[in-house]
Amino acid sequence: MLPHWLVLGFVFIYGLIAGSFATAWLWRIKTKGSVLHGRSVCPNCKIQLKWHNLVPVFSYLVQRGKCRVCSNRISIRYPIIELTTAVLFIFVFNKFLFNQPFSFELGLVAIGLLLLAVSSIVMFFYDLFWMILPNQAMVIFGIGAGLFTLSDSVFIQNDVNSLFLRLLCMVVVFALFYGLYQVKNGKYIGGGDVKLLPLLGLVLGFEKFLFMLFAASLAGSVVGITALFVTKSSKPFPFGPFLLSSFFTLLIYGDQIIHAYNSFLIGY
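Quick note: our numbering has the sequence shown finishing at residue 268, numbered continuously throughout.
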């Protein structure tokens, strides 16, 4: 059996590769291109990049953040997205896949998690940069959510009731937030968030979803109030990154968080 650190090293490398794909996908959505066709180009001079210019993080460091042809600066966003994806892969792998005997069922869980992670990275940064949750990534996230939930509930936990409750959570969350969106004409919540929230509920279930929503709202409020004091401006900011960050926090550490919360209540 390979040492844990070596396994995590491989996972980190796979995460960097997935992050490079997510970066390309993100920019292709923005430019209305296809992620499955075409080659990556320099955003400044538009020259087609060769394979050795596309090695995640490494190429950026070797080229000192500049294009090899036009010498214009390349955005730091690229390696940040790649590194973020790699770190997310490690946390998800440690929680769900490490030291688990391989099986068909576990393979389905892994595929579901892969789709969730990569599409989340795309939505996180796209919403952060342009305040839109892209439908293309949302569809992939939905497929990943369905595959993970079905595999985890039926095959891993062997609990059909868990699947039913997760589906019920998705329906209830959609009804509540779609109703809020319609009544308030999108004043308090965006259309992308209305589509994303039920999928988060499907994966997490009622209890973890409530904790996630509280954490995202709290973090968003703190950032919003801080920005208001610092910039003296009340510009809107995207809520998607807070939802997705809180989602993975509860997906990975939800049991520990809920246990700590219950222990705190019992203590008082």
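Any given hint could be a false lead.
[As the list claims (entries may be wrong)] When the alpha-carbon atoms are kept at most 20 Å apart in a straight line, the in silico EDC-like pairs for lysine to aspartate or glutamate are as follows:
| no. | residue 1 | residue 2 |
| --- | --- | --- |
| 1 | K95 | E207 |
| 2 | K95 | D255 |
| 3 | K95 | E105 |
Keep in mind that the hints were calculated from the coordinates and are not lab data. These numbers come from a predicted model, not from an experiment.
Outcome of the hint check:
1. Distance check on the hinted pair: K95 and E207 sit about 19 Å apart at the alpha-carbon level, within 20 Å; holds.
2. Pair hint K95 plus D255 holds up; C-alpha atoms about 11 Å apart against a cutoff of 20 Å.
3. As the CA atoms of K95 and E105 are separated by approximately 16 Å, the hinted pair is consistent with the 20 Å bound.
The structure meets every hint from the earlier list without exception.
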